[in-house]
Structure formats: C-alpha cells, structure tokens
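Position chain B against the provided structure of chain A, taking the given hints into account.
Chains A and B, in that order, are what the protein sequence lines are. Numbering of the first sequence is given in this note's numbering, commencing with residue 929 and proceeding in unit increments. Numbering of the second sequence is given in this note's numbering, commencing with residue 929 and proceeding in unit increments.
A couple of the hints might just be wrong.
No copy labels: a pair is met if it fits in one copy or bridges any two.
Calculated cross-link-like contacts (lysine-lysine; reagent style DSS-like; alpha-carbon spacing at most 25 Å) [said to hold, decoys possible]:
id, residue 1, residue 2
1, Lys-1162, Lys-930
2, Lys-1204, Lys-930
3, Lys-1204, Lys-1173
No lab work stands behind these hints: they were computed from the structure.
Given next are the chains, with one letter for each unit.
2 protein chains.
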Amino acid sequence: MKKFINSVDDVLSESLHGFASAYAPIVRLREDPTFLLRTGGPVSGKVALVSGGGSGHEPLHGGFVGKGMLDAACPGQVFTSPTPDQMIAAAEAVDGGAGILFIVKNYTGDVMNFDMASEMIGDGAATVLVDDDVAVEDSSFTSGRRGVAGTLIVEKVVGAAAEDRLDLASLKALGEKVNDKTGSMGVALTSCTVPAAGKPMFDLGEDEMEVGVGIHGEPGRHREKLAPADSIAKLLVEAILEDLKPQKGQKALLLINGMGATPLMELTLLYGAARKECEAAGLEIERSLVGNYVTSLDMAGASVTLTLLDDEITGYWDAPVITPALRWGA
Amino acid sequence: MKKFINSVDDVLSESLHGFASAYAPIVRLREDPTFLLRTGGPVSGKVALVSGGGSGHEPLHGGFVGKGMLDAACPGQVFTSPTPDQMIAAAEAVDGGAGILFIVKNYTGDVMNFDMASEMIGDGAATVLVDDDVAVEDSSFTSGRRGVAGTLIVEKVVGAAAEDRLDLASLKALGEKVNDKTGSMGVALTSCTVPAAGKPMFDLGEDEMEVGVGIHGEPGRHREKLAPADSIAKLLVEAILEDLKPQKGQKALLLINGMGATPLMELTLLYGAARKECEAAGLEIERSLVGNYVTSLDMAGASVTLTLLDDEITGYWDAPVITPALRWGA
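Bound conformation, chain A alone:
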C-alpha cells in the first residue's frame, strides 16, 4: 500500500485537520463527536442541511460545506457510516430554528443511523434519501439502489433553495424531485485500497472493467473486457436513459465524475463521448461538471450522472456557492 499517511489509525483525523486548516475561511472542524460545519454560525431562519457518510469519497461531503450548499457534514471512518451522536451534534450546532434536513445516501448503515438521529430530534427533522445509481437493485451494503455521484447535485440544488428560505417540507420535496430526475452509473478500471485493510478490496484482471461498480468497490452488473471510451459512454448513458426515460428535447445536466485516480484528461474525453450519446438520444446538455467529486479512495474509474432539468433545478444549480470543492457566482 503506497499512501501519504502516517499510521492507519490517524488517517481520518489528520486528513480532516489538514482539510479544515486549508479551508479555514469556509469550514470549521469540531471533534468529540466529529463533524465539519460552515463558518459564521447557524443561519437564523434557514433550514439547516446536514449530510454525511463514510469517508473515502472526498470531496463528498465535507468539501460541499459552505454557503449555498451544506451547513454541516459528518464523516464516518473510511467506508463506514457516521454515528447518530455525530449527526445530532452537527444538527444542534447549525440549527437556525427552521428545521434540519438530512441528506442521506441509501446505504443500510447510513439510513439506520440518520433515522435514529432524526427520531431523537423529532418534528423539526426531515430526510431526503438519495438512490441515483441505476446499476443494481440491492447490493453488498444496500437495500434498494445506492446513492452515488448524484448526491452532490441534490446537495447543491437543495442547498441553494435553503438559502432562498424554502421551508423544510418544500426542501424535502425538492430534494426528492432532484433524486427522481437523476440517474448515475459507473465503471471501475481498478480496485481501491482501504488504509486499514492495506490491500485492494477486489481483484480485477489487467484487461477487465467492472460495469456498474459501487463507490465502495461493490460489484456492479457484470465484468467485461476493457472497452473503448465511446463504448463505455454508450453503455452508461443508455442504462441511465432507460431508467429516466426522458422526452426528446429534454434539457439535462451531465456530470462526469472521477473515482479518484483517473486523470482529468480521460474524464474530459469521456465527457465528450457521453455528451455525444446524450445528444444522439435527443437530450440537450445545458449544464456540465467534470472532475473528482464523489470518489472511492484511489480507484481508477468514472461515472456518468444525468439530471433532467427544469427551470427550478437549473436556477438553483446556477445560484452562488462557496464551498471548498464547488464554487461559483460569489
């Protein structure tokens, strides 16, 4: 295992400390229990957005804390859900008096722990469950579909709407709408190595790719020989469109997300290939994002995400955002 670490036990803590000191004007780190929150304290009268999940998917979720997106993020150990006490402490720290909205990726551990936190908070809390991965129903860590790169789109859109002072019920409905209109699917070219394990999570032949892989290296639909980028783009876009069933002329956001070890040069190439497939299917790509946003440690691979746009979603997507990983308009 070749990583920039000191000891496997301190990876998460040291990484969070480094992150918080690098982005001190935007985020702050609290410990015992651990969470990241935006600077400037709770925003009075605004619903507070709290997300979280296992670490190893950076910049998700901590990199999306800041104005226009999340109020707080709870990092679990690598690929492990955070605990309810983290979520409750985060919710209390950012509560602006208008309620707490949890944004939760659909994994069994996360759902159970966020449910527990939500129950303890009571009436002022609601949850949006993200399950955008069209690859498989149920998997190693999931009952139902998995939440993957589409999560950042839900967080961005609902975050902007919260700044606009939409109430808790409206934000929950908006988040669920974005999730319904979003589909993702990914491909792994290599495995990834969890520091504490010290070896790759799975084996993949020198000429193989895992189609429909999860962001924890969970098996996808099948394995096949590594194909040209155009074929991979076609495979992924077709699977997503089969799920979303858009009409001709539908406007969409196209996100090409790197899994962590795939260079930008390949991601922009894949973007071009995926965009051609989308346009051939009658979509109009109106918004785009390319980069490493929802990663799987050092996995080489990428995913395609499509969100069908309407004026409300586009408007909130374009609204100002100031976070470590996503920033525009301010």
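Using the frame of chain A, we list chain B on its own:
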C-alpha cells in the same frame, strides 16, 4: 494500460473537444493549429497572457484560461512542447493591442519554441520563464531548474495584474518576482503511463518513492523507502526553505498539488503535515490550495509549493478568477 480512451492517436484531440464543450461558457477550442482561448474575444488594452506546454498535466494550462488568468493556452502532444505556429496563432487571436506575455515552464523544447514565436512577433512580446522546482539543476528535459506547480501561481497573480491593466514590462517583472519567491518539490509513489507508450515511464519498487521527481517522471534527487507523510512533508518543506531562505514571520501561500492519482484525503493529510513544518520554521501560512492542478497523467504522488507573499502578490491572488479549474470572487 487501462485508460478511458478510444485510440492513442485521438486522445489529445478528443480530450480537448470534451473539455471545450464542458466549459463552453468560459473557453473555446481552435484547431489547425490547436489552442484554447477565453470566450469574449481579445480584451482591448489588456496585455494578453499566453501559456502552453506538453499535455498530460491537466488542468494546466487549459484549465486556467479565463477571466483573471490566461487568455490562451497551447497544448502540445502528451509531454511534448507545442509548436511555434500554435503560439503565434494563439497570440494573434487574443491580442488586445497592449502586448503578449508568454508564460513558459523551463523545459528545453518549450523554451526553444516559445523563443521562436516571440522572435517572430517582435517588440510586442515578452516572456516569463518559470523554474520553481528546487529538486535538481538540469535534468532529462531541462537546462537549469524545471517549471512545475508554481506555474499556476505565476499565471494567477500575473493574470489578475493584467486585468488591472499593468503594462507588459510591469507584468514581466511581476511574473519574475513571483517565480523568484516560489519553490516546489515533489515525490512520486508510482510512475505514469503515456498513452502512446502504453507502459509505465519508469519502474519504482513496491516500497520505494522517487524524491524530487519531475512532472514528466524525470528522476529527482534520489530514491528511498516510502516514508510516513510527516517525514515526506519535512523533507520537501526543508528543501524549499533552503532555497527560498525566508525570514521568520514571513507570510506564505502553501499549495499541495496532486500528481493525478492521489486521492484528496491523502493530499489534505499532507497539507496538514506540510503546514506544521512551515509553521515550525516560522512561516505564517496565509493562503492555501489543495488539489490536482499540475499533474503527471496517472502518477500517484504530490508536490509542495511555497510562495512568499507580499501585499501585491496576495492582492492579485485574491482577485476574482473564472476559469474551469480555479474560480473564486465572481
């Protein structure tokens, strides 16, 4: 070789087309000869900044084209200098009547070709040569020191000053000041694979790292056993400080740059370690950046860059920038 590509001959072209269509509001692609330029045409009365170099270091340089940074970038083939005709065409396309400033990383091929372009343009052109890498004097592709991640800091600061309408001579002087006050050094944990070669550029043992590696996989100072992140940070920061010789209390910008395949979690951990070393040496870290900005295809590795700040550099660093890879304040 596992990459998202169609054929090795089309990697650069397809990647550029994807990039330009993903970031259409900010940049545009021209071909025959190939260069990227900012949208909105030449800015009248502003010195135009043109950079470029071999591809494979994305987002450098194309990702830094836009308001507040570069006017154009000329991408060569992977790890190969662009040609003078690209540079001349780019300069003509963005010429706002106040002169052309070339920002050139110090590699033999780049220097030769940019010199040729500059001579053909004549009086209206000047060059800033970037050679921030403190690791080695001379190397495989260089006479003198190499230009590496500090290049983005020169481009950002000089780009902001150009928006402020500084003249050609002042911008050249500012660029040279930033270069003098900037030092970088990197470590590779793995090699990288040029698509056309199809195999890793060099071999590195399972437990080894290359200290002082170049961004094309050039040899550095020495090889040693992979060390803890704290030791690596100490080694790199000490080498840079030995070169920059800052006074106690000096303000500085700290950039931790990933080489392409190193996850953000490790980069923020390394940031924390490097910052501690800097502070122990009496520096005050006033500005920070962490991410994959000047990469070496799929190399796992990272570099540390320090720029000693004064009010002028800090002010231009903070000024608004709207590029695909660096964006704030607007």
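Comparing the hints with the structure gives:
1. In the homo-oligomer, the alpha carbons of Lys-1162 and Lys-930 lie at most 25 Å apart only across protomers (18 Å), although the nearest pairing inside one protomer, at 34 Å, exceeds that limit.
2. For the identical chains of this complex, Lys-1204 and Lys-930 are inter-copy neighbours only, at 22 Å across copies versus 37 Å inside a copy, given an alpha-carbon limit of 25 Å.
3. Taking the closest pair of Cα atoms, Lys-1204 and Lys-1173 come within 25 Å of each other only inside a single copy of the chain (17 Å); across copies the shortest separation is 52 Å, beyond that limit.
When each numbered hint is compared with the structure, no violation occurs for any of them.
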